[in-house]
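Asks: Here are the chains, one letter per residue:
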Amino acid sequence: DAKTTQPTSMDCAEGRAANLPCNHSTISGNEYVYWYRQIHSQGPQYIIHGLKNNETNEMASLIITEDRKSSTLILPHATLRDTAVYYCIVRGANTGNQFYFGTGTSLTVIP
Amino acid sequence: DVKVTQSSRYLVKRTGEKVFLECVQDMDHENMFWYRQDPGLGLRLIYFSYDVKMKEKGDIPEGYSVSREKKERFSLILESASTNQTSMYLCASRRGLAGGPDFGPGTRLLVL
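Protein chains in written order, with our numbering: chain A, 1 to 111; chain B, 1001 to 1112.
Just chain A, same shape as in the assembly (with noise of 0.2 Å):
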């Protein structure tokens, strides 16, 4: 499965758009891109996922470049309850059951 390099911590105030970025430049042509978040003391939630189009649910939305070497999760208006960690994967379709969860990314959202 490819790495995956996101930032450390972001910040963002309430009501904004929080762009979370990921960069997977080793990326395969089968490999799925997952979000996943983890609220303190809570299990990860899952997100969102996609292969080369952009995304979008009630959650988020999931913008991957042409090249897929990078993808940003957007989540249109932050609210407080949107602090976490965001992790970013990369997995094959069909590549077992390994989901390799890295450090991630931790989002404050700042009132």
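What the hints contain is simulated information worked out from the structure, not anything from laboratory work. Please note that a few of the clues may not be correct.
[To be verified] Simulated restraints, written as ranges between beta carbons of each label pair:
#1 B/G1099 with A/K69: 22 to 32 Å
#2 A/M59 with B/V1012: 28 to 38 Å
#3 B/R1014 with A/T65: 33 to 43 Å
#4 B/V1052 with A/R16: 41 to 51 Å
#5 B/M1054 with A/I110: 21 to 31 Å
#6 B/R1108 with A/T103: 14 to 24 Å
#7 A/T103 with B/S1008: 39 to 49 Å
#8 B/L1041 with A/S25: 20 to 30 Å
#9 B/V1052 with A/M10: 24 to 34 Å
Keep in mind the model is a prediction, meaning the values are calculated, not measured. Heads up, the beta-carbon is just placed ideally off N, CA and C, and yes, glycines get one too.
Let chain A serve as the given structure and place chain B on it in line with the hints.
Replies: Below, chain B without anything else, positioned relative to chain A:
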């Protein structure tokens, strides 16, 4: 929605005790996982199971065993708890190879 439940949110045990952590999922998922999470180390996979009575070692299986007698239940066993097994333990399940795993709330284990 998938619901993954873990038997305890907090647990305190003594060194040398046998510890059972139970995980149950209600969506008929084939795959189940046990991770531990420690500060600065992220989530590390201990064991996973892709079917009843099947198990595979993850990255850090030493000191642990697992049991999957029924599809919905996956147990993590610490045969003789040690202080370095103090950690947050997370169970997850996943349907087939599609999508991402769904996690339980976690069990914070303290071994004294």
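Asks: If a hint holds in the structure, say so; if it does not, say that too.
Replies: We went through each hint and held it up to the structure:
{"no.": "1", "hint": "B/G1099 with A/K69: 22 to 32 Å", "verdict": "23 Å, holds"}
{"no.": "2", "hint": "A/M59 with B/V1012: 28 to 38 Å", "verdict": "35 Å, holds"}
{"no.": "3", "hint": "B/R1014 with A/T65: 33 to 43 Å", "verdict": "52 Å, violated"}
{"no.": "4", "hint": "B/V1052 with A/R16: 41 to 51 Å", "verdict": "48 Å, holds"}
{"no.": "5", "hint": "B/M1054 with A/I110: 21 to 31 Å", "verdict": "47 Å, violated"}
{"no.": "6", "hint": "B/R1108 with A/T103: 14 to 24 Å", "verdict": "19 Å, holds"}
{"no.": "7", "hint": "A/T103 with B/S1008: 39 to 49 Å", "verdict": "26 Å, violated"}
{"no.": "8", "hint": "B/L1041 with A/S25: 20 to 30 Å", "verdict": "24 Å, holds"}
{"no.": "9", "hint": "B/V1052 with A/M10: 24 to 34 Å", "verdict": "43 Å, violated"}
Going through the hint list in order, the structure does not satisfy hints 3, 5, 7, 9.
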